[in-house]
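Protein chains in written order, with this note's numbering: chain W, 1 to 194; chain E, 195 to 388; chain R, 389 to 582; chain P, 583 to 776.
Hints are not guaranteed to be accurate.
Computed far set for chain R versus chain W, every beta-carbon distance over 10 Å [said to hold, decoys possible]:
| hint | residue |
| --- | --- |
| 1 | Arg481 |
| 2 | Ser482 |
| 3 | Arg492 |
| 4 | Asp513 |
| 5 | Asp573 |
| 6 | Lys575 |
DSSO-like mimics (lysine-lysine), calculated; alpha carbons at most 30 Å apart, straight line [what the hints assert, rightly or not]:
| hint | chain 1 | residue 1 | chain 2 | residue 2 |
| --- | --- | --- | --- | --- |
| 7 | E | Lys297 | E | Lys316 |
| 8 | P | Lys685 | W | Lys187 |
| 9 | R | Lys510 | P | Lys587 |
| 10 | P | Lys704 | R | Lys575 |
| 11 | E | Lys199 | W | Lys122 |
| 12 | W | Lys187 | E | Lys381 |
If you want the ones that stay clear, here's a sample from chain R, every Cβ over 10 Å from chain W, calculated [what the hints assert, rightly or not]:
| hint | residue |
| --- | --- |
| 13 | Asp401 |
| 14 | Asp413 |
| 15 | Thr489 |
Just so you know, the hints here were simulated from the structure itself, not pulled from any lab data.
Virtual Cβ for every residue (Gly too), placed ideally from N, Cα, C.
There are 4 protein chains.
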Amino acid sequence: MGDAKSYALMLADAVRENVSRVDGDGLSRLVDEIERARRVFVAGAGRSGLVARAFAMRLMHLGLQVYVVGETITPAIGVGDLLVAVSGSGSTRSVVLVAVTAKRLGARVAVLTSHESSPLGKLADVVVRVGGREEVLERDYLAEQLAGFSVSPAPLGTLFELTSSVVLDAVVAALMERRGVCEEDLKARHTNLE
Amino acid sequence: MGDAKSYALMLADAVRENVSRVDGDGLSRLVDEIERARRVFVAGAGRSGLVARAFAMRLMHLGLQVYVVGETITPAIGVGDLLVAVSGSGSTRSVVLVAVTAKRLGARVAVLTSHESSPLGKLADVVVRVGGREEVLERDYLAEQLAGFSVSPAPLGTLFELTSSVVLDAVVAALMERRGVCEEDLKARHTNLE
Amino acid sequence: MGDAKSYALMLADAVRENVSRVDGDGLSRLVDEIERARRVFVAGAGRSGLVARAFAMRLMHLGLQVYVVGETITPAIGVGDLLVAVSGSGSTRSVVLVAVTAKRLGARVAVLTSHESSPLGKLADVVVRVGGREEVLERDYLAEQLAGFSVSPAPLGTLFELTSSVVLDAVVAALMERRGVCEEDLKARHTNLE
Amino acid sequence: MGDAKSYALMLADAVRENVSRVDGDGLSRLVDEIERARRVFVAGAGRSGLVARAFAMRLMHLGLQVYVVGETITPAIGVGDLLVAVSGSGSTRSVVLVAVTAKRLGARVAVLTSHESSPLGKLADVVVRVGGREEVLERDYLAEQLAGFSVSPAPLGTLFELTSSVVLDAVVAALMERRGVCEEDLKARHTNLE
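Looking at chain W on its own, in the form it has when it is part of the complex (with noise of 0.2 Å):
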């Protein structure tokens, strides 16, 4: 039984290690995909479209042409675009529309996901593995850690989206370092009506 500080704890051990076995190259990719692109769009469902959104965010402060698939001004997608998604299971269906969709446009398409074989992964130019959504079963290497506890700390997607917050801040920190941008410059960005 834990209270909630050692669940976060155990939480913070799981992410790193997660983190850890994401694919470098994958990553790599996904930072040459948007430094080429004209304009990045990024999708998602649910939690994994927070996590697309907060790096949305972070592209818009770098200088970025960005937006976010289902929000307001969110213009036609086209070639010369790449559209980011983000989905544990690779599968979730209005995601992969509008992935099908993109790619029919002429847009490329990178995607975060624990299922390099589902319907997002196959369709992907670039697919960076995060792991986390896989059957429980397959969470075995996270079996130490949930020892003495009586739930996972990690429902659903939750280690997923975790890992994938600090993979795309990763992209987001070495993009900032191949443009030369520092912080000060996203602070100029950054809304100043909140």
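Add chains E, R and P to chain W, keeping to what the hints say.
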């Protein structure tokens, strides 16, 4: 200089370190407040608002009555309700406005912030201090980890936001345990329309 | 050629004319369905989605349990629930996907659309035909009003969206009357945090 | 007593009457301000916020650079930008906060409101007076139309919101004419991912 994977590991370490500094008592009191509340309202601006929404989604999965300030069907707040505000600085004007109003209307207020003596910290019934949004000079406990990297991997509120995500998911785990709720119960309430 | 005020008058006339062509029986059946539903879910893409959300907000003010598909705390839909979809074309893919799923899960579906024989029109239990999103040639009943203006004052789905807004607010009025709810009752549920 | 269709006709008449009372000069000045602005930001709370967003979507279709305050990728506002605020009362605190800040940062402010002497009305560079959100007693020009109905068909800000929708779509039509933009041009920018 680092590639994205190196930044991701560094960020995960920083989050782990930062989680270990979170006040466990404040966190446990937050769990108690949520258990006692009639309904929970969450608020936050920018990326902190996305963190708050990810938390709200899980509280809904847990079977609690929860609302996001600013979304369409959020009703009037009142006595017996709890507002959970997320703000690194503790002084984001729109969030302070919401919290002041919630207090005046008889609701209780909990806040996750790096600044206990900020406007939000002062008016809250429960403060969970989560580091990461201090002034840059105060973040020196991260200096060792940052050595050798040309940019901060955690610009603006990044570290606060990532840590708050972990901490709030730990609150969810603690609530699951207390209420005897398992992953399948959450899944049954998860939206089936996306 | 016209100034903005002239366009506004012309649009208001077109909406008035378009409202007069709405099927009153379909509208009354929508009121009945809402009265009978356990919970109401609303869905729509783009500007139709905003119309759906404005409607959802008033249903909440009326004291009904209502959710917006895609917002944070929207739970699983099921038997006894009603989905109200707004789509001029009746074939917006994301909305069709939601409606097909809702039907499969046992919910009833009502749709506002200009196309009764569209995918949404065909699967719905109740169709409220609202004009304005027909092909341009079919909108000839507006031709007289448009004479003398160099552009259509109602591009894309504008006329459908404005008319749907009026029609759904009329549904709210009918529900107020049936349930004996007055403006003060709505006001008491209106968010007090903005 | 009325059925939904009767209420719809009554509402459409009330909107038509209300549109005829809108100040045409204010409306033309709004068109001018938008034409001159570097970028347009829109803001509003609740249903007025949805009206503002529907307007923003069309401005994007028109090819303007436009943002919704509170959405993910909205950047910092500054000199040369225009904020369009929608608020029936003219005193919604969150919107006043945004407008005051926008003014301080050098942006111009336009407001649609029923109250010219409200906080928003006073600080705005352009006020478009749109009726419908006056105190109930002042809405007596609607009394004749309301006779015989047991409830108001336009509770709270309904009449203001519907009229503002029409008026802002008329601004879109005027901008289309001025810029020589046709429906096909709008369609080309309309999102193709839903």
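Going down the list of hints, with the structure as the test:
1. Arg481: Arg481(R) is in fact no farther than 10 Å from some Cβ atom of chain W, at 6 Å.
2. Ser482: violated, 6 Å
3. Arg492: At about 12 Å from chain W, Arg492(R) clears the 10 Å cut-off, so the statement holds.
4. Asp513: holds, 22 Å
5. Asp573: holds, 31 Å
6. Lys575: At roughly 27 Å from the nearest Cβ of chain W, Lys575(R) sits farther out than 10 Å, so the non-interface label holds.
7. Lys297(E) x Lys316(E): holds, 12 Å
8. Lys685(P) x Lys187(W): Measuring from Cα to Cα gives roughly 20 Å; hence the hint holds.
9. Lys510(R) x Lys587(P): Holds. Lys510(R) to Lys587(P) sits at ~23 Å (cutoff 30 Å).
10. Lys704(P) x Lys575(R): Holds, at about 26 Å.
11. Lys199(E) x Lys122(W): With a Cα-Cα distance of about 23 Å, the restraint between Lys199(E) and Lys122(W) holds, given a limit of 30 Å.
12. Lys187(W) x Lys381(E): Between Lys187(W) and Lys381(E) the Cα gap is close to 39 Å, so the pair fails against 30 Å, i.e. violated.
13. Asp401: holds, 28 Å
14. Asp413: holds, 33 Å
15. Thr489: violated, 8 Å
When each numbered hint is compared with the structure, violations occur for hints 1, 2, 12, 15.
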